[in-house]
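Residue numbers (full-length UniProt numbering), protein chains in the order written: chain A, 1 to 365; chain B, 1 to 365; chain C, 1 to 365; chain D, 1 to 365.
Since the hints were derived computationally from the structure, they do not count as laboratory data.
It should be emphasised that the depicted structure is a prediction, and the values quoted were computed from it without experimental measurement.
Any given hint could turn out to be false.
Below, computed lysine to aspartate or glutamate pairings styled on EDC-like, alpha-carbon distance capped at 20 Å [stated by the list, open to error]:
| # | chain 1 | residue 1 | chain 2 | residue 2 |
| --- | --- | --- | --- | --- |
| 1 | C | Lys130 | C | Glu106 |
| 2 | C | Lys357 | B | Glu34 |
| 3 | B | Lys76 | A | Asp281 |
| 4 | B | Lys76 | A | Asp227 |
| 5 | B | Lys357 | C | Glu49 |
| 6 | C | Lys85 | D | Asp281 |
| 7 | B | Lys47 | A | Glu337 |
| 8 | A | Lys226 | B | Glu347 |
| 9 | C | Lys146 | B | Glu330 |
| 10 | A | Lys226 | B | Asp48 |
| 11 | D | Lys357 | A | Glu49 |
| 12 | B | Lys85 | A | Asp227 |
| 13 | A | Lys226 | D | Asp58 |
| 14 | A | Lys357 | D | Asp225 |
| 15 | B | Lys226 | A | Asp281 |
| 16 | D | Lys226 | C | Glu49 |
| 17 | D | Lys86 | C | Asp227 |
| 18 | D | Lys357 | A | Glu330 |
| 19 | A | Lys130 | A | Glu337 |
| 20 | D | Lys344 | A | Glu218 |
| 21 | A | Lys357 | D | Asp187 |
| 22 | B | Lys357 | C | Glu106 |
| 23 | C | Lys53 | D | Asp225 |
| 24 | C | Lys344 | B | Glu272 |
| 25 | C | Lys357 | B | Asp56 |
| 26 | D | Lys53 | B | Asp58 |
| 27 | D | Lys57 | A | Asp225 |
| 28 | C | Lys226 | B | Asp48 |
Protein chains: 4
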Amino acid sequence: MKRVLVATGGGDCPGLNAVIRAIVYRASIEKDWEVLGSIQSFDGILKDETEVKVLDKDAVRGIHYRGGTIIGTTTKGGPFAWPVKKEDGSYEFEDRSDYMMDKLKELGVEAVISIGGDGSQRISQKLYEKGMNIIGVPKTIDNDLKATDFTFGFQTAVEVATDAVDKLNTTAASHNRILILEVMGRDAGWIALNSALAGGAEVCIIPEIPYDINKVVERIRRRYDKDGRGFANIVIAEGAKPLGGSALAEEYGEIGNENLKLSGAADRLARELKAAGITADIRTTVLGHIQRGGIPCAFDRNLATSFGVKAFEMVLEKQYGQMVAYRNFEVISVPLEEAIGSQKLVEPDSQMIHTAKGVGIAFGD
Amino acid sequence: MKRVLVATGGGDCPGLNAVIRAIVYRASIEKDWEVLGSIQSFDGILKDETEVKVLDKDAVRGIHYRGGTIIGTTTKGGPFAWPVKKEDGSYEFEDRSDYMMDKLKELGVEAVISIGGDGSQRISQKLYEKGMNIIGVPKTIDNDLKATDFTFGFQTAVEVATDAVDKLNTTAASHNRILILEVMGRDAGWIALNSALAGGAEVCIIPEIPYDINKVVERIRRRYDKDGRGFANIVIAEGAKPLGGSALAEEYGEIGNENLKLSGAADRLARELKAAGITADIRTTVLGHIQRGGIPCAFDRNLATSFGVKAFEMVLEKQYGQMVAYRNFEVISVPLEEAIGSQKLVEPDSQMIHTAKGVGIAFGD
Amino acid sequence: MKRVLVATGGGDCPGLNAVIRAIVYRASIEKDWEVLGSIQSFDGILKDETEVKVLDKDAVRGIHYRGGTIIGTTTKGGPFAWPVKKEDGSYEFEDRSDYMMDKLKELGVEAVISIGGDGSQRISQKLYEKGMNIIGVPKTIDNDLKATDFTFGFQTAVEVATDAVDKLNTTAASHNRILILEVMGRDAGWIALNSALAGGAEVCIIPEIPYDINKVVERIRRRYDKDGRGFANIVIAEGAKPLGGSALAEEYGEIGNENLKLSGAADRLARELKAAGITADIRTTVLGHIQRGGIPCAFDRNLATSFGVKAFEMVLEKQYGQMVAYRNFEVISVPLEEAIGSQKLVEPDSQMIHTAKGVGIAFGD
Amino acid sequence: MKRVLVATGGGDCPGLNAVIRAIVYRASIEKDWEVLGSIQSFDGILKDETEVKVLDKDAVRGIHYRGGTIIGTTTKGGPFAWPVKKEDGSYEFEDRSDYMMDKLKELGVEAVISIGGDGSQRISQKLYEKGMNIIGVPKTIDNDLKATDFTFGFQTAVEVATDAVDKLNTTAASHNRILILEVMGRDAGWIALNSALAGGAEVCIIPEIPYDINKVVERIRRRYDKDGRGFANIVIAEGAKPLGGSALAEEYGEIGNENLKLSGAADRLARELKAAGITADIRTTVLGHIQRGGIPCAFDRNLATSFGVKAFEMVLEKQYGQMVAYRNFEVISVPLEEAIGSQKLVEPDSQMIHTAKGVGIAFGD
């Protein structure tokens, strides 16, 4: 029996379970393969007491439909920076990659499939360089990987964010209010742009186009008549930055440090609008983790399933050091080395921005 | 042609449009009635330049399906406190109720239907005492009116909040995190209780049961094993208060004063949990106005439609000074005087709390 | 360890899993109880090889969110009519209730909770009369039980049907078409009435009001102008009957005999409209099992959870021969004997029909 | 003031309104353009009494969110086959294209944007050949146009169909049933394939792969154990054909002739399975027009909006005789002549079929 080990790393993302299920279903067609899941990303292998789970068809039946990941994930640590508690209570990080290689040999693991974002794939590449038979599956709701046209989870996040814009539209119109919705996306404006366009927002603020608050104010004013009648929906990406300023994440190291969420981009914009003399009521909503959860849309389930099938077939073909990617409607493989670190951002002069401006959306530029 | 004037006051609420449509459709069966909508609550009548809209069947076709209110609403002012700008730029509030009575006479309005919350119905009662032919239709997503078993909008808010809990569940489980969801409800815990129960939350914090942070901590600890494995979803009402403390709204006058949202109940709880030594990751989501928007669920559309038909029939029967109410599955009328100011809160020893504790939900008591 | 056995019988229904979970969670609070699930209704006990499953908290975690029933169900057989294959290949039905009683004793089962519809509860009563410690939990998406104000699953079915009406509305309007939607409900029109009202249908046909095709034709004609412009949405219950005619289920024994779906009430109505000279395009949709499936709405989850908690507490109090019921917003218990066979139908002169007619819905009477 | 006329033709499709809105919003940026809508496809121009509607921003605000088309559509007639009633009551079809050209001149229409399927675009090409300044926008939920990678409406239909598969899954599993879902797609299996893959169906029957009923039976049998335990979800396209047989639409001219829906592909398959000795319960659902209706998903709204902006810009650039298309994530223009009649079908040896087989879906081949 040959064994392939699967791990999911980084923030959770709708479609992870569909990838896992596809790997297991595809593997079950071959007679001599077994799939193991490492619990809580590579922690299941790295910790002293190994924690893996045999994944057969019964274990994964129906999970394509569920958000999250049945084998757990984590955003911390990993084989090259495993936290070890020192006597004084502080942590130091040690390289546990050799331990991991040994453990995998012991378990009879032939190949590893690592499903994760850019950070995870950097680790994949380093493990590959150490000699591990590893294959990457990209994962990010932010859709900011140059190597692949789409990542699963992104479309679901866009649908959830668009639903929020739809819901806020009726409130804004009924109350003559300004409603600001903050969505995820890290340094990229994909979720903001897509949901602003789909929801018919008035203003869309993305990291790739630093906003001039005066331009935003001017646009808002045009939406209100002399009686203060009018309304506006604004979608802002968490990584938004004012002209000459920086994203809050850069200022604070990370929004949500000490595991708590600080006021973010939406709140800053609201304060700036008030400071600039906007008198209309403003309400902000930070959509948060709702964007990462729930049932993946059909598009994402199918993309994720294609990725899973392809990943296992790459194992069969020993295409190690490669990553699954979606290009021009085909699932292909690309070298991990090329894939990592190549961020795909919204280009300010792209067709999509042109379209959005064509239906009157302002970007604060 | 006899005329009935309709106004919607206070925060928007799914189902308002269904009430308006039902009034118009029902009135169209009578040959000699016309429905007017006052724009932006009573402002359409109170301001110098009257702003009303004739509402016929074409104007309201299909609106039962849409959130918000097609005639607008406001949370400020009203006939007894109409803001007038003074020379120094500040405002004083004047009684414009006589002006309103005159204007209605001028417009040939026989009766007024005022759709609104407790504040609006207090105004209805005062107008009734002044001699206005007025009928109230209760409206609140908070479901906190003793006079009626249900108000429209509440069930929709519960469904939206439950969907959020569902979405957060998968993230919490995948990451071993604590996710705190803050929902609306003012002084009442109905939305929190219903969505926590439906979503299967671990902890539910409502204003009616002040929480002992130690009890919450204890419960959370029980959910995690020695490896830090486990997760918990917490639903907290915006009006939640710690034992011996007060709701943030009381502290700050109103959350969201100066039209900006301050950190709320969810953030306070997160800080308290951290302070008490909880090491698990915590993420907070404030659902905000998403709860008020969007498509009303079938239950709310039907309740709202029943209210609208009844309200117009009360006009036909000249049952002025009364409010529509839903009791024991019948739509009836009750005196406005009795209805106002009688808040319906969650009773800590009620069957629903008993049910929630029966499936293991902790309330911090 | 005391044991309680749970079974789900009859057609599946959103909320079944929430009842099961609530029983298990509530039982886990007591130290000395264990819950068993009988697989595929009572078949798990009745067949030669016993098939039961221990249901602990891990087995039911998160299932309140899922449609169907994790312990399976069946619409055939039961302890008093167990099918036994004869030598000639045909079946005879034998009374296996004594065998069942023995088997339960053997398994150490103290009490049985039977979740099911009217048919299942008749069996419960007969088993109770034989001496079984049995408690009933009502289940039907049709909401046609007089003993309880609401049954879980009904509101979900209404929401699904209303969503279908919403979707058909835009097509009907764009094409000047008549769209007929057939919904479930057996002899009762509750689902049809509620979804027609919520969706703003033009015509609603329910079993309780036999329809005069001429009245329906007349109403349809009024919706179209001289240019053939107009549209109409019709919601029809599967049990609908023309004046002087009968429901198709009565004609054919059962719609769907030989396990296949025949043309139903919607198709009959379409043919009648065509025969009466309606020239507009007509399209029919039979919603079918989509109404029974999927995620229960929050309302149903909470009702189902209340039923489950109550049912287990009735076991603790040995209230055997009783059924859980929801009356006037409280979950109570009623004698099975009274509950069975008392059908709750839509009353043609009820307030809800009055409301529907008030917003212009025609019933063909 | 220059005028552009917009018409929507053929079956309705989620996203039509988003195209219309985008054209109007984009046109409003130019100072000297006005948009007219022809009511009920080109009928508004072709009939004796012209019926067009000025579409300004107020007329289209918020419609991107709504299904259907605010200017109506029709599946009959057109400029080259305008039905004229003869004295004996029958119809003959006349060429009204010259009348149409004259009328457009009279109205001062510079250019026409025709949003419609393959049939509509054939008409566009013929009108272009007659000298009309016309631009096409492709529309089909079936996604079967070779000229464009995606058409709006398709993804929404897939999401609706997938939701149906999800709902049927729980019923199938609870009852050990076979549930057959019939979806749209004409001669193409795109909706069936995508929803079967996303929903995790057992069997998927598409027109491109004629099915061998014995293969289907064999697969179904494998899903059931000796006790008759098991279940299966089958998704079948309306255009499905058995090996050596033909699609029902070919047999009957058109399914739904005489404006009534006959039993379709799902019913045929159910009968074939029964005839082949399958004893499990079978239930069929024909999803019908629900797939065409309702709120377009974000993906479709954005695609449709891009199409609308592009179409108007093609008017500005006088790119007549061209059609908007989406290729490799860019919206481009292609000659109508090339675009029409080039059907895109599922290729049996494509990667997507390979993926579906990789997760165990059977196609009856």
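Hints and how they fare:
Note on Lys130 of chain C and Glu106 of chain C: the hinted pairing holds, with a Cα-Cα distance of about 17 Å set against a maximum of 20 Å. Taking the CA atoms of Lys357 of chain C and Glu34 of chain B, the gap is near 19 Å; set against the 20 Å cutoff, the hint holds. This hinted pair checks out: Lys76 of chain B and Asp281 of chain A have alpha carbons roughly 11 Å apart, not beyond 20 Å. About 15 Å separates the Cα atoms of Lys76 of chain B and Asp227 of chain A, which keeps this hinted pair within 20 Å; it holds.
Straight-line distance between C-alpha atoms of Lys357 of chain B and Glu49 of chain C comes to about 37 Å, which puts the hinted pair past the 20 Å bound. For the hint linking Lys85 of chain C to Asp281 of chain D, the alpha-carbon distance of about 18 Å falls within 20 Å, and the restraint holds. Between Lys47 of chain B and Glu337 of chain A the alpha-carbon distance is near 68 Å, which puts this suggested pair outside the 20 Å criterion. For the proposed pair Lys226 of chain A and Glu347 of chain B, the alpha carbon gap of about 48 Å is over 20 Å, so the pair is violated.
Proximity of Lys146 of chain C to Glu330 of chain B is assessed by CA-CA distance (about 16 Å); at most 20 Å being required, the pair is judged to hold. Of the supplied pair hints, the one linking Lys226 of chain A and Asp48 of chain B holds, its CA atoms being roughly 14 Å apart against a limit of 20 Å. About 37 Å separates the Cα atoms of Lys357 of chain D and Glu49 of chain A, which puts this hinted pair outside 20 Å; it is violated. Proximity of Lys85 of chain B to Asp227 of chain A is assessed by CA-CA distance (about 14 Å); at most 20 Å being required, the pair is judged to hold.
Taking the CA atoms of Lys226 of chain A and Asp58 of chain D, the gap is about 18 Å. The hint holds against a cut of 20 Å. Restraint check for Lys357 of chain A and Asp225 of chain D: the C-alpha separation of about 59 Å exceeds 20 Å, so the hint is violated. About 48 Å separates the Cα atoms of Lys226 of chain B and Asp281 of chain A, which puts this hinted pair outside 20 Å; it is violated. Under the criterion of a C-alpha separation no larger than 20 Å, the hint pairing Lys226 of chain D with Glu49 of chain C is consistent with the structure, at around 13 Å.
Our distance criterion of 20 Å between C-alpha atoms is met by Lys86 of chain D and Asp227 of chain C, whose separation comes to about 17 Å. Restraint check for Lys357 of chain D and Glu330 of chain A: the C-alpha separation of about 16 Å stays at or below 20 Å, so the hint holds. In summary, the hint linking Lys130 of chain A to Glu337 of chain A is supported, as the alpha carbons are separated by about 14 Å, within the 20 Å threshold. For the hint linking Lys344 of chain D to Glu218 of chain A, the alpha-carbon distance of about 47 Å lies beyond 20 Å, and the restraint is violated.
Pair hint Lys357 of chain A plus Asp187 of chain D does not hold up; C-alpha atoms about 38 Å apart against a cutoff of 20 Å. The hinted pair formed by Lys357 of chain B and Glu106 of chain C fails the criterion: a straight-line CA distance of about 33 Å is larger than 20 Å. Taking the CA atoms of Lys53 of chain C and Asp225 of chain D, the gap is near 18 Å; set against the 20 Å cutoff, the hint holds. A hinted pair counts as satisfied when its Cα atoms are at most 20 Å apart, and Lys344 of chain C with Glu272 of chain B does not qualify at roughly 51 Å.
Simply put, Lys357 of chain C and Asp56 of chain B have alpha-carbon atoms about 17 Å apart, close enough for the 20 Å limit, and the pair holds. At roughly 17 Å between alpha-carbon atoms, Lys53 of chain D and Asp58 of chain B fall within 20 Å of each other, so this suggested pair holds. Between Lys57 of chain D and Asp225 of chain A the alpha-carbon distance is near 16 Å, which keeps this suggested pair within the 20 Å criterion. Among the hinted pairs, Lys226 of chain C with Asp48 of chain B is inconsistent with the structure: their alpha-carbon atoms are about 44 Å apart, more than 20 Å.
Of the numbered hints given earlier, the model fails hints 5, 7, 8, 11, 14, 15, 20, 21, 22, 24 and 28; all others are met.
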